[in-house]
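Asks: Chains as they are written, first to last, in the working numbering: chain A, 1 to 111; chain B, 1 to 905.
It is worth saying that the hints were derived from the structure and are not from the lab. Hints may be right or wrong, so weigh each one.
[What the hints assert, rightly or not] Taking lysine to aspartate or glutamate pairs in the EDC-like style, the calculated list, with each CA pair at most 20 angstroms apart, reads:
no. : chain 1 : residue 1 : chain 2 : residue 2
1   : A       : LYS64     : B       : ASP25
2   : A       : LYS17     : A       : GLU28
3   : B       : LYS322    : B       : GLU357
4   : A       : LYS64     : B       : GLU76
5   : A       : LYS58     : B       : GLU82
6   : A       : LYS64     : B       : GLU23
7   : A       : LYS64     : B       : GLU357
8   : A       : LYS88     : A       : ASP12
9   : A       : LYS17     : A       : ASP34
10  : A       : LYS64     : B       : GLU26
11  : B       : LYS608    : B       : GLU624
12  : A       : LYS58     : B       : ASP85
13  : B       : LYS682    : B       : GLU624
[To be verified] Facing chain A, a subset of chain B residues (Cβ under 10 angstroms, in silico):
no. : residue
14  : ASN75
15  : GLU76
16  : GLY613
All C-beta atoms in this analysis are idealised placements derived from N, C-alpha and C, irrespective of residue type, glycine included.
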Amino acid sequence: MAPVPLLRGTLDALVLKALASGPMHGYEITAWLDHRAQGNLELLDSALYQAVYRLEAKRLVAAKWGTTEHNRQARYYSLTPAGRAHLKREVGNWLRYFATVGGILTAPHSS
Amino acid sequence: MLPPGVRWIFRLAIRRRETIAEETDEEIRLHFALRVEELMSRGFSRDRAEAEALRRFGPMREGRAGMLAAARQRNERLTMFERLDDIWSDVRYALGQMRRAPGFTLGVVLTFAIGIGANATMFGVIDRLLLRAPAQVADPGNLYFIQATQHSRGAELVSGGFSYPAYVDFRDRVVGFSDAAMQTFPNDLTVGRGAAARKIHGVMVSGNYFRTLGVGPVAGRLMVPEDATPPTGAPVVVISYAFWQRAFGGRADAIGSIIEFGPSRLTVIGVTPRGFSGAGFRPVDVWLPVTTFESLGFMSFMGKVWPTTRNATWLAVVARLKPGVTTAQVNAQATAAYRGGQAGVAGTDSTSRVFMESVLPLRKSTFSPEVKVASLLGGVAVLVLLIACANVTNLLLARAMRRRREIGVRLALGVSRGRLTRQFLVESVLLAFAGAVAALLVAYWGGTLMRKMLLENFSWSGSPIDARLLSFTALAAAFVGVATGLVPALQYRSLNLSSVLRDSAQGGGGSRTRTRTALLLMQGVLSVVLLVGTGLFVRSLQNVGRIHLGIDTDRIVAASLDLEPAGFPAPAIEDFYRQLEVRARALPGVQHATLGEGTSFGWSLGTKVIVPGLDSLPLPAGSEPILVGVTGDYFATLGTRIVQGRAISSEDIQSGLRVALVSEEMARRVWPGKNALGACIKLEADSIPCSTVIGVTENVHQGSLIEDAPPSWVFVPLDQGRHFLRARTLFIRVASGPAEAMIEPVRQMIAATAGNLPYPNVRVLSSQLGDELRPWKLGATMFGAFGGLALLVTAVGLYSVISYMVGQRMRELGVRVALGAAPGNILRLILSHGLRVAVASVGLGLLIALAGGGFVRALLYEISPRDPIVFGGVAVIVLVVALAASLPPAFRAIRADPLTALKSD
Chain A
1 MAPVPLLRGT
11 LDALVLKALA
21 SGPMHGYEIT
31 AWLDHRAQGN
41 LELLDSALYQ
51 AVYRLEAKRL
61 VAAKWGTTEH
71 NRQARYYSLT
81 PAGRAHLKRE
91 VGNWLRYFAT
101 VGGILTAPHS
111 S
Chain B
1 MLPPGVRWIF
11 RLAIRRRETI
21 AEETDEEIRL
31 HFALRVEELM
41 SRGFSRDRAE
51 AEALRRFGPM
61 REGRAGMLAA
71 ARQRNERLTM
81 FERLDDIWSD
91 VRYALGQMRR
101 APGFTLGVVL
111 TFAIGIGANA
121 TMFGVIDRLL
131 LRAPAQVADP
141 GNLYFIQATQ
151 HSRGAELVSG
161 GFSYPAYVDF
171 RDRVVGFSDA
181 AMQTFPNDLT
191 VGRGAAARKI
201 HGVMVSGNYF
211 RTLGVGPVAG
221 RLMVPEDATP
231 PTGAPVVVIS
241 YAFWQRAFGG
251 RADAIGSIIE
261 FGPSRLTVIG
271 VTPRGFSGAG
281 FRPVDVWLPV
291 TTFESLGFMS
301 FMGKVWPTTR
311 NATWLAVVAR
321 LKPGVTTAQV
331 NAQATAAYRG
341 GQAGVAGTDS
351 TSRVFMESVL
361 PLRKSTFSPE
371 VKVASLLGGV
381 AVLVLLIACA
391 NVTNLLLARA
401 MRRRREIGVR
411 LALGVSRGRL
421 TRQFLVESVL
431 LAFAGAVAAL
441 LVAYWGGTLM
451 RKMLLENFSW
461 SGSPIDARLL
471 SFTALAAAFV
481 GVATGLVPAL
491 QYRSLNLSSV
501 LRDSAQGGGG
511 SRTRTRTALL
521 LMQGVLSVVL
531 LVGTGLFVRS
541 LQNVGRIHLG
551 IDTDRIVAAS
561 LDLEPAGFPA
571 PAIEDFYRQL
581 EVRARALPGV
591 QHATLGEGTS
601 FGWSLGTKVI
611 VPGLDSLPLP
621 AGSEPILVGV
631 TGDYFATLGT
641 RIVQGRAISS
651 EDIQSGLRVA
661 LVSEEMARRV
671 WPGKNALGAC
681 IKLEADSIPC
691 STVIGVTENV
701 HQGSLIEDAP
711 PSWVFVPLDQ
721 GRHFLRARTL
731 FIRVASGPAE
741 AMIEPVRQMI
751 AATAGNLPYP
761 NVRVLSSQLG
771 DELRPWKLGA
781 TMFGAFGGLA
791 LLVTAVGLYS
801 VISYMVGQRM
811 RELGVRVALG
821 AAPGNILRLI
831 LSHGLRVAVA
841 SVGLGLLIAL
851 AGGGFVRALL
861 YEISPRDPIV
871 FGGVAVIVLV
881 VALAASLPPA
891 FRAIRADPLT
901 ALKSD
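Just chain B, with the same shape it has in the complex (with noise of 0.2 angstroms):
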């Protein structure tokens, strides 16, 4: 049975067709009597006049039904009328009430804001990161990136990272492909030279690449297999629509001009749709054939040795499904394919199971930590919406209380209780939608700073605001705009006209009361869980930040350039550097300059390290030690600590002596129980002469903030490393202050130190280091934003409660003043009221975070997410902030004038 309220929609239905058959005939009836009536009084017959008056009217089956057609289309388009009048009526009168009381309009409008917005802006957020498929994919359910595991140090890692053979594997093997395509993971490129020059995000791609996707040009032509086929392919380059627009203002004849990348110049070929970004989601402007690889100097290391070699995993793998293959099908193929190449590879784990990955967000089998987070936020948002709703509640339950009487009155002037439950309700989705107008604002603001902010390696495009958000924003506003007002509304429905007059606008109301106080109490639970997410993200991202990697990573200006790619002979690039290097000391605050070889922190290479009387080095498989040329100064300029022995001198470099260090990890490992210095290894091969160990490091990180075990490291002197290794990396150490402010000197010191030379390479180590803060950074951002909202709109709810509370009681307040009540026992008779209600928040809400905490273990770091420090520290702030706002009214109440008081109402 439908509740009364709600019956008026009905109302249609309610109104038969027999009535109006009924009314149309006794119309017609009346108007034949009348007509005979007339006639005969004018001297006809009855005969004749019937005859006379059935003439008149028209054929009477056809009359009839004329007017039974008229009079039915009237009473629907009656009904209709009746129904927008009854809801413009409701509306102006709710726009009334609004404009009567704009204070309170205001507070709910912003409440509203606060919880659509933060809603619709994480909808917006997690819209592109987990529901949309990648952008202009055809059939991107049959997509897949291949991905690998691999047994490491007792654990299974996946990978999704292989080497160009095991891609041509894959693609020449795996029958159950349709087509499989490689990209290389978003590089930055420099393009142009000098001044001109600029970094941009580039991908390297198969040829078949946008046939695998099922993707078009909007202008020029895609790339095609012999493109890239190697060892050479084609000077081409494919530049997205952004890019287009961007670097060319959209101009057909961008198709055909040349594009300067490094020492490569590659004719743009064509143009991808809008939005495409490839089979992921992180930003491209370029794709370049995977053949420029490497003369664009990427991983120069490798050499012309990419399309053959096995021990470098550096590209993705992408393929589509033939139609009816399952994925089970292709995955024992692909495991095979992949098994058989790789058999005899050093390092490679044959037990290796392949498995296929879907590209869509959603069904895949592990997310990013982003995409955790901010799922997690979502859901966060959710509660504070929840909380902006029982706020809202609250406050139409106060306005109603202070209604009753005009609700009484109108309840006995005949207002059904269905218009009145209606007139709230049009009164509160009226608020909702005014606040969700306002929390499209929110939601664009913050989308933007998202995306800038927080989540800026994703491929954004488009306007924060957009069909799916505006919808989902609406439906929003509609939902919770019901949901407020159907409290209220029901609550009023058992209202009548004797029960408002006799208690008067003071008295009664204790069930609402109660009503008032629990929603409150929901607020405050959830507060307190809020915050409790907040604090152990803030304090995941302080240990986070706490981490020591054996490298000062943020005051380390690293500088490295391509000169070998550019045409740079080997001795001339020595020189250079060396030059470098006695320039940068002279910089003003510079502390330490020095040259390494590779990167030390980023990205490094392992080495066959062999000691003499160990048949192979007891480390753990796939972790070969990092091999690092160093120059004297190195361990000085990086921070790294010396825990035994010595670092490398100038005179073991110019004496050419073989000396080397290795790190804590590496030397625990070879030489268990033993000191390693004195040790002999011997790097790449038993015929080369040792090194002996002089020196033991501390364990430095890799080149991420987390890692599952300390790498094993070798640092030997700058000549003495591989052979075919010339990349040389400046390292600079800031002397103090924000080292991001010495890139642009280090910039301008190398263009001047030699003439038209490609763009370097400056950066600040820990830069990197920001896309694995993210997750951590994202959280304690949107939870504290979140959280300190949650507070503010609960703190104003408690506010607003204890004030109507005194207001109820000013008249008994007032007695107990006259008759000698203490300040001090008024004062703690409404603070009582105010911090009851805080103390079963903080209570029930650090109960909920005890038992929620398994959902956000996985996301925190060194943390337990039961931290005792968090806990209390909520605690504190929820009880100080309900105390505060409890203060005002309570000093209202001490103040409360015994005559004053009594004389109202």
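Chain A extracted, bound-state conformation (with noise of 0.2 angstroms):
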């Protein structure tokens, strides 16, 4: 099946929920997504940056330069409380949203 593109919003909650097992720098965070999107979802590396840098602007996500395990320079992003708070309300509507939806969609035809 051909990758299916993301629902407006949903990327900021990606994002939030990758650093909430622990600080990473930006490829880390693309390489996480990619690895439990397993190639459905459609996203550009610099579309995740921007969406990580509005975060950042938010302040739901806070950034520090680091060095890699490599010894490289890099941009280590981390969560704050304020996003950690703003991930569980995102859980929470996404598990609304899909549960009303989904429901709906999947619904026997009853006519």
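Hints are included, so try docking the two chains, each in its own frame, into the full complex.
Replies: Here is the structure:
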């Protein structure tokens, strides 16, 4: 199957979810997402970076320069307490959304 | 170069775009490197891996641009957040500090409240008196009152009073005017009759008045020229917005309703806009056509001749200039018109110059005493604020000294000096704004009080606190907040940890104590200056109060009724007053009662007096003798002393003997070096028989406290006065107690004498002096309030500095006590510090007061701005207060326990 485009607003939640497991630099976030999406999501890396910057501007994510295990300079991102709370809210919203929309879409035909 | 403490403001500019681009590119580079590595580890060739990485990234140029834009936006927002965070944390820190020292906070807030409150109050007053144009008037910059100069007794007098024909000359002959209107000066009018009667402020105007001022109605219509065309005009009245609300509840049916003014019934035709008080600032309730002038009984002596006589000046002219015409041009035209019209009129000065006086208070050539005093008080309020600022700075310095260790530690922990400076400023600005809130209360109460007590004859509308006052207060708070915070902030920039830890909390700080003493000195000096001002105004007020008027104005109640316009025939009026006189004598508390002709104190009428053998009276131009008809008791009732000869007796009156008394001034001028007794004077005309001078009275004021020269008086028996002068006044001398208490009984007595009378005008003679006393009262009260506050604030400042000094030297004092120093020595040691500051303050302050005396000289009355009693008194007061403020800490020093002193710290 061809990859599906991301629904609006989901990218932010995905990035927050990625960072929930600990600080990451940009590439680690893309890799984390690729690994879990299994190529099913249509997403450009540059768009992901912009999403990260936007989250940073909203202070849901904080950034800090650090060094990778191979001693390279990288910008490490981590969740702020506000980001963690936001993620929790978003997850709740998504679950409700899917339950509702999914329930409607998968209901047997009743005519 | 900016001081380092301010640079944080510009941090945004320092964070450059290149850095953002570099950072972003660095991130993209790393991303590609890792992506390619990962793909190659999965078996891609380098070329294919790079192509795949690029594909996943997206089009490079757009992708990078999008990231850069997002990064820039991010940095801007984060910088803003950071600054807000910093400020917020500073605010929280400052609030914490304020909470931790509630006494200190309260002291500072109160000091600010006094300083800012004094300024806000005075701003409110000056704003109204000086900075605003007359409300609702169109293009007030082009509107002028006409003034004329008149040479009299060698001096040039300026007057804005004209006769009706002179007004018509201006209106019709000055081509530079687009319009010229007239108005009387505000009068007290009586509305209604009997119990419902009350006083309101009325102005009589020409019909083009509202057109000239460019004001329209909010209801109904305003007057048109036909409404006030002599001789009769129309029975209409225009009411003010405030009066509409007060008397009619703002109802629409007010238009068309009737208001009864004495005998006249006038129809309300319209309402002026809110706040409108004509071209001036006195409160006005109603505007009447000038043609009602006669029927309302105003200056009834003038009778029907008001539109034609040039002998009475009773109106002001307000004119609007045509566009493009200069005041110099109209001044010349108006002077020509005026001189032409007045030619041949007795007592006029043919060299009179006419000039335009703007209705804008700031552009006036002369300022009323109220405005002058208010402006001076505005300056004084600024001094009070300076004192308050010095005091707060002092308190902040003292507290910063106590916190120096904490500050040192913070510096050591890496808090930047800029941040520290900001913290000081945030704290002082917060305190200033808290003070400003309290100051608004001060301004509200102060403003209300001043309006009521000291400036009641100004048209006030709205709350004392308006948008302008709020902005002023906020500005003042911001300014004093920064000003007071700056000194401690800058002093502590130089601190470093080692110096803080080296000298303990008690040691060091010598330069800071010097700063504090200097601030204290400044407060002391300013307080001394203010107190000198207070003393000078209080003494002026006393001197004015001691002026001998020749009439005991505060013991005399005068009552008069406008009976003639109310339709009473002349004989009935005469009888009625005789009846009043008899009844008044029977009132409890009345010592004397007498009838007089006209109103001998207030306004009066010059008369022609002929002395056989003299071509004209050797009196200064424009100062004809004032004629008063009196009965036997007159002089005893009014308290006018007879210095020579005797008073008019009842026999004189009954026998119809033609006798007269003259005032000292008249006797001196007309019969210099001779005895006036027995001389012959003729009233009005040569054909009238002689009146023999039987006595000379002391000089009597004409109607105000301060008069250039004593006027000349002629007193004759009541019915020998002028035939057309039927106006009578009943004078009642109160035996004891305040004369005001007699007003109501007299009013009731009059009402009980006959039915359906117009509202009697009953007043204590001195009441009209209130207006004149006002500037001094204003000066004395406000100077007193400000001076007192200044002294209080300074005393508290002195107390706190001495207390601090004692605290700082506790150890040393303890050692001294331990070594056996006598308490007297320690007391002297501490007191001498406070007194040195006080003596220096007094010395410097008195020097400044001496130098600045010229500024207030014109506002004082018969007192030198260098009055030794005032100067000496202030010196004594300040030294005593300084001593009192230094004593408590000094006694604390005596009780210094050597042990605790040594152990402390």
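Asks: Which hint numbers does the structure go against, in order from smallest to largest?
Replies: 7, 16
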